[in-house]
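Asker: Sequence:
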Amino acid sequence: MFLIASYVPAFAPINVYFAPSQWIHLSIFMFEIFTVFVPVFEVIRLGIQKRRVANLNAKWDAESTTSTLTPGDWRKRSTIYIGGEKTRWTLDEELGDRLLSMAALEHVLHSNPGPLQEFSALSDFSGENIAFLTRAASWKSSWPGTEDQRLEAYNRALDVYATFVSPRDAEFPLNLSSVGLRQLEAVFEKPTRILYGEARTDLATPFADEPPYPGADSNPTRPTAQYTGEIPDGFGPDVFDAAISHIKTLVLTNTWPKFIEEMQSPRRKSSETSWSGFTANSQSSLASRLSKQLSKLMDPLLKKQ
Numbered sequence: 146m147f148l149i150a151s152y153v154p155a156f157a158p159i160n161v162y163f164a165p166s167q168w169i170h171l172s173i174f175m176f177e178i179f180t181v182f183v184p185v186f187e188v189i190r191l192g193i194q195k196r197r198v199a200n201l202n203a204k205w206d207a208e209s210t211t212s213t214l215t216p217g218d219w220r221k222r223s224t225i226y227i228g229g230e231k232t233r234w235t236l237d238e239e240l241g242d243r244l245l246s247m248a249a250l251e252h253v254l255h256s257n258p259g260p261l262q263e264f265s266a267l268s269d270f271s272g273e274n275i276a277f278l279t280r281a282a283s284w285k286s287s288w289p290g291t292e293d294q295r296l297e298a299y300n301r302a303l304d305v306y307a308t309f310v311s312p313r314d315a316e317f318p319l320n321l322s323s324v325g326l327r328q329l330e331a332v333f334e335k336p337t338r339i340l341y342g343e344a345r346t347d348l349a350t351p352f353a354d355e356p357p358y359p360g361a362d363s364n365p366t367r368p369t370a371q372y373t374g375e376i377p378d379g380f381g382p383d384v385f386d387a388a389i390s391h392i393k394t395l396v397l398t399n400t401w402p403k404f405i406e407e408m409q410s411p412r413r414k415s416s417e418t419s420w421s422g423f424t425a426n427s428q429s430s431l432a433s434r435l436s437k438q439l440s441k442l443m444d445p446l447l448k449k450q
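According to my numbering, the sequence shown holds residues 146 to 450 in order.
Some clues are possibly wrong.
What follows is a list of derived Cβ distance ranges for each label pair [to be verified]:
no., residue 1, residue 2, range
1, 207, 169, 51 to 59 Å
2, 382, 343, 46 to 54 Å
3, 197, 373, 22 to 30 Å
4, 176, 330, 34 to 42 Å
5, 289, 328, 19 to 27 Å
Simulated from the structure, these hints should not be mistaken for laboratory data.
The beta carbon of each residue, even a glycine, is placed where N, CA and C say it ideally should be.
I would like the entire structure built from these sequences, with the hints used as guidance.
Answerer: As structure tokens, this is what we get:
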């Protein structure tokens with residue numbers, strides 16, 4: 146626009162009020178908006194969302210310990226609001242905040258994490274978080290009852306560490322704190338290096354090493370060898386608990402609210418079939434289906450009253 150305004154005679158009347166150099170200033174102003182103000186807005190919005198989710202969880206935890214509702218009352222309320230498409234908005238207003246609780250997230254992770262996994266991978270670009278949570282939970286649930294199988298459990302834990310945690314081996318390493326990462330490295334790093342070698346030497350530029358020729362395999366298959374050495378003292382069924390808690394908090398405050406918003410959005414009508422993992426009937430409301438699953442979760446919680 147600067148060149149056009151400078152050399153096109155038709156712009157002469159405009160140049161009287163808007164000098165050609167102002168077009169450069171306008172482009173700089175737009176750059177500042179998208180490089181400074183938009184990121185600042187996103188950071189502020191994310192902070193507000195985190196505080197909202199934290200406050201809702203604190204409120205829900207307090208209500209779950211003081212509520213006088215019985216399981217029958219909960220089922221009655223669920224029956225009122227769970228129905229066809231015409232009652233969907235009443236249901237969303239009634240249960241929307243409760244769907245943002247850690248209990249609802251854990252229930253989905255335990256019952257059917259597929260839709261959340263797909264959403265996090267395609268829309269939030271954090272699919273490794275859900276994959277790690279499901280994989281670590283599966284590993285912990287299969288903890289052996291005898292010491293003879295402890296080495297086998299350690300080898301499976303090594304695979305989880307190399308796939309999701311290790312900055313040298315994982316394609317998309319988890320966003321863990323430095324303290325949590327060092328704790329896991331103390332348990333798994335040396336055996337991982339024995340099995341896999343130095344898979345990635347420069348952690349500062351992990352994508353700098355290009356394949357030697359087009360089409361070369363940049364992610365070769367890991368060796369099938371098993372670790373047979375001494376198991377570190379810090380290894381146990383709770384070795385991933387700190388990482389699981391950290392990643393769950395990240396999912397709860399980032400991915401989970403976006404997932405709930407997407408499920409409750411009117412736009413889901415056109416893509417509801419792709420999120421049909423909650424039930425075989427893809428024509429019913431996804432919010433209703435999630436609420437039915439959540440009602441099953443509430444019964445054992447309310448029975449504790």
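Asker: Each of the hints needs a verdict: does it hold here or not?
Answerer: Taking the hints in turn, this is what the structure says about them:
1. Distance hint for residue 207 and residue 169: a CB-CB separation of about 57 Å, consistent with the stated range 51 to 59 Å.
2. Distance hint for residue 382 and residue 343: a CB-CB separation of about 30 Å, inconsistent with the stated range 46 to 54 Å.
3. Distance hint check: the CB atoms of residue 197 and residue 373 are about 50 Å apart, inconsistent with the given range 22 to 30 Å.
4. Restraint check, residue 176 to residue 330: a C-beta distance of roughly 41 Å satisfies the suggested window 34 to 42 Å.
5. Taking the beta carbon of each, residue 289 and residue 328 are about 22 Å apart, inside 19 to 27 Å as hinted.
In this structure, the earlier hints numbered 2, 3 are contradicted, and the remaining ones agree with it.
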